[in-house]
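Colleague: Sequences and hints are given; from them, build the entire structure.
Letter by letter, the chains look like this.
Number of protein chains: 2
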Amino acid sequence: MAATSPPPTLTAERILEATEEVLRRHGPAKATVVDVARALGVSHGTVYRHFRTKAALREAVTKRWLDRTSAALSGIVAEDRAAEDRLRAWLAALFEAKRRKAGDDPELFATYMVLVDENGPAVAGHIADLTGQLTRIIADGTASGTFTVSDPAAAARVVFQATGRFHDPGYAREWERPEADGDFASLVDLLVRGLR
Amino acid sequence: MAATSPPPTLTAERILEATEEVLRRHGPAKATVVDVARALGVSHGTVYRHFRTKAALREAVTKRWLDRTSAALSGIVAEDRAAEDRLRAWLAALFEAKRRKAGDDPELFATYMVLVDENGPAVAGHIADLTGQLTRIIADGTASGTFTVSDPAAAARVVFQATGRFHDPGYAREWERPEADGDFASLVDLLVRGLR
DNA sequence: CAGCTGACAGATTTCAATATCTGTCATTCC
DNA sequence: GGAATGACAGATATTGAAATCTGTCAGCTG
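Chains A and B are the protein sequences, given in the same order.
Going by my numbering, the first residue of the first sequence is number 30, and it counts up by one from there.
Going by my numbering, the first residue of the second sequence is number 30, and it counts up by one from there.
Hints were generated in silico from the structure; no laboratory data involved.
Please note: incorrect hints may appear among the correct ones.
Since the list gives no way to pick out one identical chain from another, each pair is judged satisfied if it fits inside one copy or across any two copies.
Derived SDA-like pairs (lysine to any residue); straight-line CA-CA distance at most 25 Å [claimed, not checked]:
#1 Lys130 / Ala68
#2 Lys92 / Gly74
#3 Lys127 / Thr75
#4 Lys130 / Ala89
#5 Lys127 / Val106
#6 Lys130 / Val145
#7 Lys92 / Ser179
#8 Lys83 / Gly154
Modeller: Below you can see the structure in the form of structure tokens.
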């Protein structure tokens with residue numbers, strides 16, 4: 030498993046890439062720091078020079094992975110459309126992104142679920158990030174009179190929690206069921222009605 | 030651990046009581062059919078005369094346990110109050126009942142969670158039961174004009190799913206956090222507004 | 001004879017010995 | 001001298017043998 034090009038310098042980024050690859054191949058339970066080092070052609074001591082612990086490495090990989098989702102969604106927040114449309118699009122995109130990740134990268138997704146279980150800061154940060162995006166949409170809607178909400182941040186929290194079934198990894202199994210899309214649409218309708 | 034009174038006849042009910050006791054004491058992982066038989070002073074073959082498999086026994090215990098919650102809630106459905114009040118009271122009672130069970134009987138609760146994981150019919154039945162109760166309240170509210178809902182059953186499904194964070198055992202850890210009650214109240218407000 | 005028993009086969013769990021991994025650090029290498 | 005190494009101690013995971021459990025059933029018992 031030699032690298033395709035001679036390794037220039039060992040950066041944190043290169044380690045994260047290799048770790049993601051190892052995780053994808055072996056899954057979270059069987060992916061060791063030694064494996065990552067071997068994939069990079071270095072000793073495992075070197076990896077510890079960049080990440081203090083295995084947990085920190087796992088967390089960094091997950092953060093990178095989660096940030097890709099956040100970035101995609103933040104595009105929707107910035108779009109020039111009615112707040113209600115953005116809210117619907119944003120929630121749909123979140124559901125779709127999670128569903129796709131669970132299906133495409135089951136091993137990485139399992140790693141993410143381990144982190145959720147451990148209450149890792151990366152997950153807390155991700156949730157804070159997403160809730161922040163939601164807050165912005167809802168605040169916009171409140172400003173324009175579409176929504177009637179006294180505390181947009183609290184409303185965002187509630188909307189995020191209420192839609193948990195469609196983005197919380199614990200429910201991943203349900204996402205493939207045929208009723209999922211219909212249930213999701215009904216839920217979003219109910220929540221939007223409640224915000225108006 | 031001799032029985033307090035001489036065993037009259039071995040009924041399914043007596044087995045369920047003993048099983049619940051064993052589960053409470055040993056937890057779901059370490060509670061064996063042999064233990065249950067020993068607690069009853071019979072051979073384990075006898076237990077198998079009443080329950081075909083260990084899974085069936087576990088399921089029956091859980092069902093009995095869940096039915097106690099359902100029965101308590103069905104009282105609220107039948108009360109003579111406005112639908113909105115009943116909806117709020119019902120959801121609050123559900124949250125409170127689950128929270129109490131998780132705190133008081135952690136071992137039995139763990140058994141319940143195993144069942145949820147296995148997608149046992151007892152759990153599906155319990156959910157169907159609860160959703161049915163919700164449907165009745167929402168249908169009442171629709172009839173009286175408080176709620177505006179085209180399909181009360183679908184609305185009940187959505188309300189149940191949206192409040193999952195406050196009754197799904199997977200979230201049990203969150204129920205003790207101080208924000209839980211506030212979040213719950215906000216969520217119920219939002220949902221009630223959406224139903225009107 | 002209806003209900004219960006206990007021995008049994010196969011599946012699962014436990015346990016302890018062994019191997020591997022994590023995280024540190026004195027030393028080596030460019 | 002800054003980056004990487006690899007030997008090491010303690011923690012964790014793997015493994016395979018022994019013990020226990022599940023589910024069956026021929027026979028005992030009242």
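Colleague: Under a CA distance limit of 25 Å, which applies to Lys92 and Ser179: within one copy, between copies, both, or neither?
Modeller: Result: close neither inside a copy nor across copies, 32 Å intra and 42 Å inter.
Colleague: Please work out whether the CA atoms of Lys83 and Gly154 approach to 25 Å or closer within one copy, between two copies, in both situations, or in neither?
Modeller: The answer is within: 19 Å in one copy meets 25 Å, while 43 Å across copies does not.
Colleague: With 25 Å as the alpha-carbon cut-off, assign the pair Lys130 and Ala68 to within, between, both or neither.
Modeller: within (24 Å within a copy, 48 Å between copies)
Colleague: Could you figure out if Lys127 and Thr75 sit no more than 25 Å apart (CA to CA) within one copy, between two copies, both or neither?
Modeller: neither (33 Å within a copy, 49 Å between copies)
Colleague: Up to 25 Å between alpha-carbons, please classify Lys130 paired with Val145: within, between, both or neither.
Modeller: both (15 Å within a copy, 24 Å between copies)
Colleague: Within a copy, between copies, both or neither: which one fits Lys127 and Val106 at a CA-CA cutoff of 25 Å?
Modeller: Answer is within: at 18 Å inside a copy they meet the 25 Å cutoff, but 36 Å across does not.
Colleague: At 25 Å max between alpha carbons, let me know whether Lys92 reaches Gly74 within a copy, between copies, both or neither.
Modeller: within (23 Å within a copy, 53 Å between copies)
Colleague: How would you label the pair Lys130, Ala89 (within, between, both, or neither) given a Cα cut-off of 25 Å?
Modeller: within (17 Å within a copy, 37 Å between copies)
Violated hints, in rising order: 3 and 7; the structure is consistent with all others.
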